[in-house]
Amino acid sequence: MNILVADADASIREMLSHFLQKKGHSLTEVSDGKEAINTIVRQNIQIALLDWELPVLNGIEVCRRLREKEDQPYVFIVLLTTGLDQSDLIESFDAGVDEYLEKPINLLELNARLKVGQRIINLEKSLRKNQEEMKEINESKNKFIGIVAHDLRNPVISIRGFSELLLKNPANLDEEQTEFLTIIHSTSRNMLALINDLLDISRMESGRLEIIQKPGSLKELAIERIRLHELQINQKHIQFHANLNEIENISFDPHRITQAIDNLISNAIKFSPTGTCIYVDLYPTESHAIFSVRDEGPGIPREEQSLLFSEFHRLSIRPTAGETSTGLGLAITKKIMEAHGGRVEFESKEGEGSIFSLLLPTDELTSST
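If you read the sequence shown in the numbering used here, its first letter stands for residue 97, the second for the next number, and so on.
Keep in mind the hints are simulated off the structure, nothing from the lab.
Just to be clear, a hint being listed does not mean it is correct.
What the hints assert, rightly or not - Label pairs and their computed distance ranges (CB to CB):
| hint | residue 1 | residue 2 | range |
| --- | --- | --- | --- |
| 1 | Arg398 | Ile216 | 29 to 37 angstroms |
| 2 | Leu340 | Glu434 | 19 to 27 angstroms |
| 3 | His351 | Phe276 | 29 to 37 angstroms |
| 4 | Arg323 | Thr274 | 23 to 31 angstroms |
| 5 | Gly179 | Arg224 | 29 to 37 angstroms |
| 6 | Glu400 | Pro200 | 51 to 59 angstroms |
Said to hold, decoys possible - Pairs of lysine-lysine residues, derived as DSSO-like cross-links and limited to a Cα-Cα distance of at most 30 angstroms, are as follows:
| hint | residue 1 | residue 2 |
| --- | --- | --- |
| 7 | Lys225 | Lys430 |
| 8 | Lys225 | Lys237 |
| 9 | Lys445 | Lys430 |
| 10 | Lys199 | Lys118 |
| 11 | Lys225 | Lys239 |
| 12 | Lys211 | Lys118 |
| 13 | Lys231 | Lys165 |
Every residue, glycine too, gets a C-beta built ideally from N, C-alpha and C.
Put together the whole structure using the sequences plus the hints.
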């Protein structure tokens with residue numbers, strides 16, 4: 097193990113170095129806190145023995161600054177002290193100290209602490225390796241999904257287009273042919289929606305989600321999207337209530353925000369029983385423009401709510417009229433909102449419905465003039 101001994105007392109450094117080198121460890125010695133940080137950052141230090149009373153920066157401050165470095169590999173830190181009361185212990189562990197040893201140092205106790213540290217360092221290395229492997233697997237998965245979805249998209253578009261053309265001229269079709277073509281057209285439309293969602297997820301997870309913002313009216317966009325969902329709303333005899341407040345034009349990607357709004361409205365329709373109500377609101381706050389959709393559906397079981405924004409997870413609740421669902425809509429919506437510097441929030445109670453809200457931060461969006 098590569099170990100740093102940081103202590104202002106040369107005799108303590110010498111004693112610890114002699115003991116640890118006999119145990120087969122590689123040692124580096126420093127005498128102040130600033131030098132300790134620089135050494136840990138520059139070298140592959142795995143365990144640091146830090147004196148509480150180091151000059152320049154004390155051991156607690158060294159530890160705190162190291163823990164703030166997100167790109168710093170984990171260092172197991174043992175604080176060397178002349179005695180700690182409860183408040184000192186709380187401060188040291190809050191700063192990120194792993195263990196502590198009181199002076200004069202018991203070398204057998206030190207050795208035991210180092211064995212604990214070595215186990216933790218080994219586990220951290222194993223975890224980092226697994227994360228890197230998972231990242232490579234995920235990248236391969238995204239590439240594969242992207243290629244397959246892209247290759248499937250054109251033929252499915254052709255199937256949808258030709259079936260639609262034939263259905264527009266039903267004179268030469270008998271009843272059975274019309275029924276089959278309707279099934280083909282409906283299925284191809286659903287397949288295209290899934291393919292488009294797969295392409296979006298592939299782009300988003302690969303960091304290729306492009307957001308092109310321009311000033312626009314959220315109210316006008318919301319009115320347009322509600323109008324396009326009227327057929328589904330009427331088919332299920334749902335009462336739709338919209339309260340859309342005027343909001344100063346702000347800058348957003350209209351294509352992507354359209355996706356997000358459509359996902360919320362279509363989900364509310366899918367999971368709403370016939371004869372219930374859906375409430376849509378658009379309003380400003382001091383820091384956000386908020387678009388929310390409330391339904392009177394079955395609600396989401398508490399134990400399943402953590403899966404809401406996961407990809408390919410389907411919940412136990414099902415659409416009330418057999419509508420299809422890719423299981424990707426909310427995951428895509430979440431990524432779209434995050435790319436805008438916003439977020440998705442929800443409230444849900446089983447048996448009482450759900451509220452989903454899109455929050456666009458107005459302080460990060462450019463007002464039109």
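Hint by hint, which ones does the structure fall short of?
none
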